[in-house]
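Student: Got chain A; can you put chain B on it based on the hints?
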Amino acid sequence: MRRIGFVSDFLDRLFRRLPALPPLAALLLTAMAATAEAAEKIAVFPDTPYDGFIIHESLVIFWIAILGLIVIIRMKLKEIERTQEMGADRENGDAPLLE
Amino acid sequence: MNCPRLKDWLEERYDLNAIKELAKGKLIPEHRWDLWYYTGGITMFLFIIQFVTGMLLSLYYVPHIDFAHKSIIEIVTKLNMGWFFRSLHHWGAQLSIVFLFIHLFGTLLTKAYRKPRELVWVTGFILLGLSIFFGLSGYLLLWDERAFAAVRVATGGAGAFPFIGWFIKAFLRGSMDVTGDTLVRFYAFHVAILPLITLGLVGLHLILVQAHGMSVPLSLEKEKRREAPFFPNVFYKDLAVWLVVAGVLATLAVFFPPEIGAKADPLAPPPEDVKPEWYFLFLLQTLKLFPGSILGLNGETIAILLVSGAILFFFLIPFFDRKSSRGEKSPVFTWIGVIYLLYFLTMTLVGFLS
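So the sequences go chain by chain: A and B. Counting from 871, one number per residue, gives the positions in the first sequence under this note's numbering. Counting from 10, one number per residue, gives the positions in the second sequence under this note's numbering.
The following block holds chain A by itself, in its conformation from the complex (with noise of 0.2 Å):
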């Protein structure tokens, strides 16, 4: 008898909140739903912190360089540009050649 009151009780419990099943299960559902787009979203990108910071860093550096190296086209352009302009980048013909 006992353990009829209990099952009995358990029911009793659970159709008086019955009327809150459909918000927990759609509760349940959105989540499920959530959950499994957010396992089928491929990472495209590595998602650890640590690797998103060497990434991000390395980018840093390259760009650094990158600007470096245009300072240094620029520079080397100027010397050409007045070495052009006093014409010493034109071969003399009559120079002496040196054996």
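Honestly, the hints are just simulated from the structure, not real lab data. If you're wondering where the values come from, they're calculated on a predicted model, not measured in any experiment. Warning: the hint list may mix true and false statements.
Computed cross-link-like contacts, DSS-like style, restricted to lysine-lysine with a CA-CA straight-line distance of at most 25 Å [to be verified]:
| id | chain 1 | residue 1 | chain 2 | residue 2 |
| --- | --- | --- | --- | --- |
| 1 | A | 948 | B | 29 |
| 2 | B | 332 | B | 233 |
| 3 | B | 178 | B | 284 |
| 4 | B | 246 | A | 946 |
| 5 | B | 29 | A | 946 |
| 6 | B | 87 | A | 911 |
| 7 | B | 332 | A | 948 |
| 8 | B | 87 | A | 948 |
Tutor: For chain B alone, kept in the frame of chain A given last:
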């Protein structure tokens, strides 16, 4: 690095001085529109990046419907820097087409296509078409639901072309629908057929540019202007621009790696708001402007015919623009170029926002 023995060895066999003299002898005009000259160089640089990253990706990609999608996921998630090379390849493709369009419209607006450079325009235009096909064929290799739906729409659209549409559609798909045969076919186009044709055409384009020299806009032709030797002056400037482009490309690849959708399922309904690549958006928006039926004829067929006619006219502009060939100003063709550009930009934007 100085290797005198290697230099001597080569000089004994080949006339290296002639190459040096040729590079030094090539002169580039300097004027206020000379910025356009760099767009061609940038496009070539991006093409080289595409070839290199594509070769690396092809070492791991499996062109089979059961494994294609999985192999890309493995490239991205398991291979060291795989995600980066795929992202570089994706953004390299987008930037190549952007710069090809800029180069094309620059050539059009400065009338650089005028006599005797008609064939330079023709080869460049074909290269743009090939690049777009490169994009379409590469898009399907991902074999996700969006790529599948987009290629189904694109190849279906080609099928609406009168008389030969069925042949184009069957030739592209390799079967009735987009299937594993289409994937293998697009893979062959993407890694073998198109690269070979592209290499040949780029070579021809460059030879023609060397043969004719750089074009100067009509309005500046009579002006007295300076000329700079290509090597080393312009070459160094090109190098600096390429470095910036490499930086932009790497930044895009890091911050916006392309997504991978769910594996394509031919029996599943197409995903919502599926859009083709941005360079097809103007075409899609144009097709939307037409009703299903016009005077009893298929609206889509009429739209495709009109768009094809417009593209053919664009392709043949150097042969229609007689005034430019005679060295006279031709504002009509400038306006035509502006209208084409505005239409393309507006429709692409509308397609992107809708």
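Student: Run every hint past the structure and note whether it holds.
Tutor: Hint-by-hint comparison with the structure:
1. A:948 x B:29: holds (21 Å)
2. B:332 x B:233: It holds: about 23 Å lies between the C-alpha atoms, which stays within 25 Å.
3. B:178 x B:284: Cα-Cα ~20 Å, so holds.
4. B:246 x A:946: holds (11 Å)
5. B:29 x A:946: Holds - the C-alpha atoms of residue 946 of chain A and residue 29 of chain B are around 19 Å apart, at most 25 Å.
6. B:87 x A:911: Holds - the C-alpha atoms of residue 911 of chain A and residue 87 of chain B are around 15 Å apart, at most 25 Å.
7. B:332 x A:948: Violated, at about 40 Å.
8. B:87 x A:948: violated (47 Å)
In summary, the structure is inconsistent with hints 7 and 8 from the numbered list given earlier, while agreeing with the others.
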